[in-house]
Every structure is written in structure tokens, then in C-alpha cells.
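Chain A is fixed; fit chain B onto it per the hints.
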Amino acid sequence: MASLFHFWSLHASELWTLLGQHVALVVVSTAAAVAVGVPVGIIAARRPRVGAPIAAAASIIQTVPSLALFGFLLPLPLIGGVGARTALAALVLYALLPVIRTTAAGIRSIDSAILEAADAMGMTTRQRLTKVELPLALPAIMAGVRVSAVVGVGTVTIAAAIGAGGLGEYIYRGLSMVDATVILAGAVPVAALAMVVDGGLLVIERALSARRPLSRITRVVAAAAAVVAGAAVAIAATPGTERIVVGSKNFTEQVILGELMAQTIERYAALPVDRRLNLGGTFICDRATQSGDIDLYVEYSGTALTAVFKQPVQRDPSVVLEEVRRLYADSGRSMLMPLGFNNTFAILVREADARARGLTRLSQLAEYAPGWRAAFGYEFLERPDGFRGLAGVYGLRFREQPRVMDLTLMYRALAEGQVDVAAGDATAGLIDALNLSILEDDRQYFPPYDAVPVVHSSTLLRHPEIGAAIARLSGRVTGDVMRRMNYDVDARRLDPAAVVSTFLDSLDRGV
Amino acid sequence: MIAFEGVQFHRGDRQVLRGITLEVHRGETVALVGRSGAGKSTILKLINRMLEPADGRVLVDGRDTRAWHPTVLRRQTGYVLQEVGLFPHMTVAGNVGLVPALANWPQERIDKRTFELLDLVGLPPREFASRWPDQLSGGQRQRVGVARALAADPPVVLMDEPFGALDPITRAELHREFGRIQRQVRKTIVLVTHDMREAFTLADRIGVLDAGVLVECGPRPMLEASTHPTVVTLVESAFN
Numbered sequence: 001m002a003s004l005f006h007f008w009s010l011h012a013s014e015l016w017t018l019l020g021q022h023v024a025l026v027v028v029s030t031a032a033a034v035a036v037g038v039p040v041g042i043i044a045a046r047r048p049r050v051g052a053p054i055a056a057a058a059s060i061i062q063t064v065p066s067l068a069l070f071g072f073l074l075p076l077p078l079i080g081g082v083g084a085r086t087a088l089a090a091l092v093l094y095a096l097l098p099v100i101r102t103t104a105a106g107i108r109s110i111d112s113a114i115l116e117a118a119d120a121m122g123m124t125t126r127q128r129l130t131k132v133e134l135p136l137a138l139p140a141i142m143a144g145v146r147v148s149a150v151v152g153v154g155t156v157t158i159a160a161a162i163g164a165g166g167l168g169e170y171i172y173r174g175l176s177m178v179d180a181t182v183i184l185a186g187a188v189p190v191a192a193l194a195m196v197v198d199g200g201l202l203v204i205e206r207a208l209s210a211r212r213p214l215s216r217i218t219r220v221v222a223a224a225a226a227v228v229a230g231a232a233v234a235i236a237a238t239p240g241t242e243r244i245v246v247g248s249k250n251f252t253e254q255v256i257l258g259e260l261m262a263q264t265i266e267r268y269a270a271l272p273v274d275r276r277l278n279l280g281g282t283f284i285c286d287r288a289t290q291s292g293d294i295d296l297y298v299e300y301s302g303t304a305l306t307a308v309f310k311q312p313v314q315r316d317p318s319v320v321l322e323e324v325r326r327l328y329a330d331s332g333r334s335m336l337m338p339l340g341f342n343n344t345f346a347i348l349v350r351e352a353d354a355r356a357r358g359l360t361r362l363s364q365l366a367e368y369a370p371g372w373r374a375a376f377g378y379e380f381l382e383r384p385d386g387f388r389g390l391a392g393v394y395g396l397r398f399r400e401q402p403r404v405m406d407l408t409l410m411y412r413a414l415a416e417g418q419v420d421v422a423a424g425d426a427t428a429g430l431i432d433a434l435n436l437s438i439l440e441d442d443r444q445y446f447p448p449y450d451a452v453p454v455v456h457s458s459t460l461l462r463h464p465e466i467g468a469a470i471a472r473l474s475g476r477v478t479g480d481v482m483r484r485m486n487y488d489v490d491a492r493r494l495d496p497a498a499v500v501s502t503f504l505d506s507l508d509r510g511v
Numbered sequence: 001m002i003a004f005e006g007v008q009f010h011r012g013d014r015q016v017l018r019g020i021t022l023e024v025h026r027g028e029t030v031a032l033v034g035r036s037g038a039g040k041s042t043i044l045k046l047i048n049r050m051l052e053p054a055d056g057r058v059l060v061d062g063r064d065t066r067a068w069h070p071t072v073l074r075r076q077t078g079y080v081l082q083e084v085g086l087f088p089h090m091t092v093a094g095n096v097g098l099v100p101a102l103a104n105w106p107q108e109r110i111d112k113r114t115f116e117l118l119d120l121v122g123l124p125p126r127e128f129a130s131r132w133p134d135q136l137s138g139g140q141r142q143r144v145g146v147a148r149a150l151a152a153d154p155p156v157v158l159m160d161e162p163f164g165a166l167d168p169i170t171r172a173e174l175h176r177e178f179g180r181i182q183r184q185v186r187k188t189i190v191l192v193t194h195d196m197r198e199a200f201t202l203a204d205r206i207g208v209l210d211a212g213v214l215v216e217c218g219p220r221p222m223l224e225a226s227t228h229p230t231v232v233t234l235v236e237s238a239f240n
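Protein chains in written order, with our numbering: chain A, 1 to 511; chain B, 1 to 240.
Treat the hints as calculated values from the structure; they're not laboratory data. Be a bit skeptical, because a hint or two may be false.
[What the hints assert, rightly or not] Partial pick of chain B residues on the chain A-facing surface, computed with a CB cut under 8 Å:
id, residue
1, R74
2, L81
3, G85
4, V99
[Said to hold, decoys possible] In silico SDA-like cross-links for lysine to any residue, where the CA-CA straight-line distance does not exceed 20 Å:
id, chain 1, residue 1, chain 2, residue 2
5, B, K45, B, L59
6, A, K310, A, R383
7, B, K45, A, T124
8, B, K112, B, D61
9, B, K112, B, S130
10, B, K45, A, E116
11, B, K45, A, S112
12, A, K310, A, R287
13, B, K45, B, R63
14, B, K112, B, S137
15, B, K45, B, H194
16, B, K45, A, D111
17, B, K45, B, S130
18, B, K112, B, G139
19, B, K45, B, M90
20, B, K45, B, V213
21, B, K45, A, T125
22, B, K112, B, P124
23, B, K45, B, R57
24, B, K45, A, A113
25, B, K45, A, L115
Backbone N, C-alpha and C define an ideal beta-carbon position, used for all residues, glycine too.
Pulled out of the complex, with its shape left as it was, chain A reads as follows:
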């Protein structure tokens, strides 16, 4: 609990920004849903044959899980892409159904004598709608708006996955760091916000269903809500000066690298930065830099070659870098100088074993392998370019069939002596922490995964100082540095921003 308040006080201004974005997304999406849903609801009430299919479509949309809906919308032109726009489109689709349903039900439930009276008094269709039907259906419509808004508060949380901002960012950040405090830092305000929205709208709804002019308290609540909503929209919509948008994928190292890019630009290029960290996978980040929704993120050369550009695997690091640089240039992005580490597969042994035998290179391993047991991840064991290829290139044969083991357990199993060789992640923080050592891939079996910043080219043209700022990092973020930072965040639970800032300070001091 104390750590939660500590986190909030440390991130107070960020918390307010995220809360503002959250509220703004809910307000704007709910308002749009009302603007569309009420007329559709009216049509549905008047002409069931037109309304029924629309309501059915809205029902179907409602059953699509929100993460999947965001996924569907991403590649669409105009409404797609990373950021608030896509999120809004999805949120409006979700908010529509309750509004349509309650509007139609509210209008249908009006006493026929009242409608007959309205007609008999010579009201035009429009007058009947605005003076009689809508005012009488208003409490029902408000009930729909309340449902939409409360559902929206929850759904916006998921929208953080596609970079829409909002309190969901803490939840995703916390999930990827396995840090309950950070999850709660987002989840608690979301829950509180949902209750406030629900309670506030309920007060208004009750007042409306009494069919009286609003009481003073209701007016105060409504006015306060309007002011807060307006302020949130204003904060979120303020264009201000151009901000550089930095993205990242959704695991610890990527969040650290995103933070590293952001702080480097803030420090050395003096430009304001928006952080869209935890954006999901490679696909989302790649699309976002193509569309310009984010200006830059850090990719890995091997991933870019095979996953982004669907090229065959290459083993020579400089060939891969050249190829990837060319492919990025052809698609409107610029690849900057590699940061200095290679996040590839790493074959690990205990440091004590390595030292005792003078073991530093993979080509030496064949000598000891027949006496050792190995553990690998499932994928590494199965893929032809995983263990089978490795065994062929280095002539490896272990004492028994290698075991399948979960990646996170493998490091500990190796450290505790359950196995003697394991394949891990070259930048995993636990490698140093558990006194493991990496054997050098001296026959270049593993493809290279050099970390390279990728920038939307037009951004770089407008702000060449970004290139200069990031160039200061080139070659300085070594495997040791990256493992250290991963360890600080993953195992020591330090804040990525603090870890990065310490690292940049040490660079500045020339350490």
C-alpha cells in the first residue's frame, strides 16, 4: 500500500496526464456514441425493420473481445493505426449498443395516449420528437449513456495496448514488469473512475426520471462533470509544440530502450517527447513507424529482416545490417547506428564450470557435452534453425535428450545444477545475477539481433538533431549494460526511467 502511494507521488504529473487521457477518451467516445446512437435508436423505434438489423450489428460488435476489435481496426485506413484514433473508433462501436437499445426502448415505452395528444395538438413530427418523445425517453437514454460510459472506462484500459494512452498504460507496464504495485497504480484509479462516473450519471438519471427541472445538487454535479470532462478533453487535445513520439514493444528490455530513446532526445535534442511504450508486438510498432503514428522505436536487425521484411535468415551481422538499412530506407524509415548489443540466443553454462575448463567458445563445448545435460525452450528445440542446426554446426551430443523447459525457469535450473547447459536470451538480466556465462558463437550459427533505432524518415529530416542525439549512444549500450539495466528493472524492481537516467548520467561523466 505504501509503495503504491510512493509510486503515485513519484509519477504524479504522469498520473494526471494518463487520467486526463482516460477521461477524455471516455467522454469523446460516449459523446460520439450518443450523437450516432440516439438517432439510430429513434429510427429503430419508428421503423423496426430498419432498426433491427442495425441493433443486431451493434450486438455482434459487442461480443467481439475488445483487444480483437482493436486488432481488426489497426490496418484500416483513416480510422486505423496506433493511437487514440483507433481506440476511439472501437470505443464508439462498443458504446453504441446500449445507447441505441435504451433510446429505442425509451421511445417505444411512451404511453400512446400522450402521443395521440401530441398529434391531436397539431405537433409536427419534429416537434413531437423534440418536445415530447425525447424528453420522455431521456431517463432511459441516460441509463444507456451510463452503461456506455462505465463500460468505456474499462475498455479504454485495454486501448493502452495500441498506444491510446490512459491509465491502462500502468496496467500493461505492471504486467510486463510483473510488478503488482504498478498494476495497482493503474487499476485503482480506473476502478475509482468507474464508480465516480457510474454514481454521477446515476444522480443525473434519477433526477431526469423524476421529470422535474434539475435540483440544485444535480445541477452542481452536472456542471462539475462538464467542467472536468471539458478540462480532460482540453488537456488531451492540446496540440502544443510538436512532440516526438517514442514507441516500444511490450517487454522489459523494450520499455527500457523506449525510455532510453525518449530521455536521450529530451536531454540532447531538447525536444518534448510522448512515450507510447508497451505497444504490443513487432507488427504494431512497424506499422506505426510507417504511418508516422510513432516517430521511432528500437528494433532488432534479425527480427527486422525476417519478421518485418520476410527475408530469409542471414548470419553475417554486417550483411544483415546493410540489408535492413536498405529495406527501411525503401519504406520511408531510417535505421540509425546500432546501439551496441546483440539480443540473440545465448548458450549458457555456469561461470564456475566455464572458468574451471577455460570454456569461452561454443566450438569448445563438443568436448564436454557428452557428460552434460541440457535444457532448452520448446521452440528452440523444435525449430530447424534452433537446436538441431546448432548441434550440427558444433557437433554437439549431450548425455541425454535435452529437456524442454520454460524460459524463466531455465536460468535457475542451470544455476542450481539441475542441468549444465541452457539456451537463453543474451541480454537477460539473470545471466549476471546467477553467475552464468555466455559461450561465444564463434562459428556464427545464430543470426544477429543487433538493436537498432528505427526512425520515421520525415521526422529525421525535420529534426536532424534526433539523429545526432541518438548517435551519442551508438556502441555504448553493450550487452553488459543492457543485462545490467534489465536486471535492475526485472529483479530489483527499479523504475525504468530512473535506471535509464542513471545510465545517461554515467555516459555524461564519461564512465
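Just chain B, lined up with the frame of chain A:
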């Protein structure tokens, strides 16, 4: 003022009105009596063009209703419903002043008119103007309904079972009020009821409907002298 000339009306396959011919003079009160489903309310709705005849003509002020713009016609035709149909989201004053407001009267004139009418129907404006419909008794609501129908001073007022849902004492009280008001305002009134006693009390002439046919139409003595079985039954019921 109002004339029906050989009017036929169908609802689906069912013939609701068969060759209705009827004239209502200016300032006259005509009551239409008959059992439920005899076609009484249909006649009212043909007058303000909420319905249109299948055959024959309905004339208001010498003009075929189909030549009137429905909105214009309805604003010249006050309408009082059995369920009253007061708008629950408007005050008494709001309900009464609605038709003048639709006709874009200035607010001062609307207020003045509303107060006059509430006085006329026996609801002191100071007490009742700002009340809500659900704060009124059944009789008070019906008085508001009458005031609302009279608001824009329409020459014609249509009343569909206006006192049907009231207890006998309140009904008797409103019958007296009706006479007083009608002497003051002298409207052309067409009133629908299933109660022959009410028809005798309120109307100058009474039309009896039986299965869509106007079997008799005239003042009380003429009905009492009629030998048509439906009329006889209805007249007898008035004395039980």
C-alpha cells in the same frame, strides 16, 4: 361548421363507418353515443384529419379535411382525450400553454391566456400553474385537459369520453362546469360517450351509432320517441 357526407371508413377488412352523414352547426354540442367499437372515436379523428375517409367527404368550415394542412387543422381543433394525455414532463401551465407556444405566441400572452383558462376551468392559477400532472387528482387532470384544448381558442373542440374515467361525484361536478364553460365560450363541440345520461345532460343533439351506422340523430325528445331497438336500449339505460 362540420359536415360528414356519406363517409365510409375501413380498418383492414372491417368496415368501421358505413355512410355517415352528419352536420354539426356552429356553437352546437353534439354527443355521439354507442357501444365500444361502434365507430365513435373514428368520427372524431376524421374531423381533425388524424384519419381520412375511404369514401365520402368530411368538411370543416366548408373545406374538405384533405385540403387542410393537418397541423393547421389540428391547431384549430381542441382535443380532449379520455386518458387526458397530459405531458408528464411539463407543468400544468406548460401543458395548457403548449398549443399557443407551438403557434409562437409571445410568452406574456401565453401566460395571460393560461391563467385565464385555469380560472375558467376552476383551478386557481396561483395554486395549480406550477404543479405537475402527477400531483393532480383525476378530476383536476381532466380540467387541465379541457383548458389545454381551449388554449388557442379553437372554434371546434373534440372530446373523446372526457369524463369516462371519473367517479360519479366528480363527473356530476364537471358536467355542471361544462355547461357553465360552454355558455361562456360557445364552441362547436363534438363529444363521444357511451353514457346516454351524460349525452342528455351535455348535448344539444345526440347521434346514436350502431355498428358504424348513424341510426338516429336529434335532440332528446326525438331519441325518446325512437323505436330503433339500439336507441331504445340506450335511452332506457339513462333512466336506470
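Hints, one by one, checked against the model:
Restraint check, R74(B) versus chain A: the minimum CB separation of about 3 Å is within 8 Å; hint holds. At about 6 Å, the closest approach between the beta carbon of L81(B) and any beta carbon in chain A falls short of 8 Å, and the interface hint on this residue holds. Hint on G85(B) holds. Least Cβ distance to chain A is approximately 3 Å, under the 8 Å limit. With a cut of 8 Å, the hint placing V99(B) at the interface with chain A holds, because the nearest CB-to-CB distance is about 5 Å.
Of the supplied pair hints, the one linking K45(B) and L59(B) holds, its CA atoms being roughly 13 Å apart against a limit of 20 Å. The straight-line distance between the Cα atoms of K310(A) and R383(A) is roughly 17 Å, inside the 20 Å bound, and the hint therefore holds. Of the pairs offered as hints, the one joining K45(B) and T124(A) holds, with about 17 Å between alpha carbons and a cut-off of 20 Å not exceeded. Restraint check for K112(B) and D61(B): not satisfied, since their Cα atoms lie roughly 28 Å apart, outside the 20 Å limit.
Using a Cα cut-off of 20 Å, the hinted pair K112(B) and S130(B) holds, with the two alpha carbons roughly 14 Å apart. Distance check on the hinted pair: K45(B) and E116(A) sit about 10 Å apart at the alpha-carbon level, within 20 Å; holds. Between K45(B) and S112(A), the direct Cα distance comes to roughly 15 Å. Compliance with the 20 Å bound is thereby established for this hinted pair. The hinted pair formed by K310(A) and R287(A) meets the criterion: a straight-line CA distance of about 15 Å does not exceed 20 Å.
Proposed proximity of K45(B) and R63(B) is supported: the alpha carbons are some 16 Å apart, at most 20 Å. For the hint linking K112(B) to S137(B), the alpha-carbon distance of about 24 Å lies beyond 20 Å, and the restraint is violated. For the proposed pair K45(B) and H194(B), the alpha carbon gap of about 17 Å is at most 20 Å, so the pair holds. At roughly 18 Å between alpha-carbon atoms, K45(B) and D111(A) fall within 20 Å of each other, so this suggested pair holds.
Proximity of K45(B) to S130(B) is assessed by CA-CA distance (about 31 Å); at most 20 Å being required, the pair is judged violated. Of the supplied pair hints, the one linking K112(B) and G139(B) is violated, its CA atoms being roughly 23 Å apart against a limit of 20 Å. Annotation: proposed proximity of K45(B) to M90(B) is violated, straight-line Cα distance about 25 Å (limit 20 Å). Of the pairs offered as hints, the one joining K45(B) and V213(B) holds, with about 16 Å between alpha carbons and a cut-off of 20 Å not exceeded.
A C-alpha spacing of about 17 Å is found between K45(B) and T125(A), which places the hinted pair at or below 20 Å, so the restraint holds. Between K112(B) and P124(B), the direct Cα distance comes to roughly 13 Å. Compliance with the 20 Å bound is thereby established for this hinted pair. A C-alpha spacing of about 13 Å is found between K45(B) and R57(B), which places the hinted pair at or below 20 Å, so the restraint holds. The hinted pair formed by K45(B) and A113(A) meets the criterion: a straight-line CA distance of about 13 Å does not exceed 20 Å.
Of the supplied pair hints, the one linking K45(B) and L115(A) holds, its CA atoms being roughly 14 Å apart against a limit of 20 Å.
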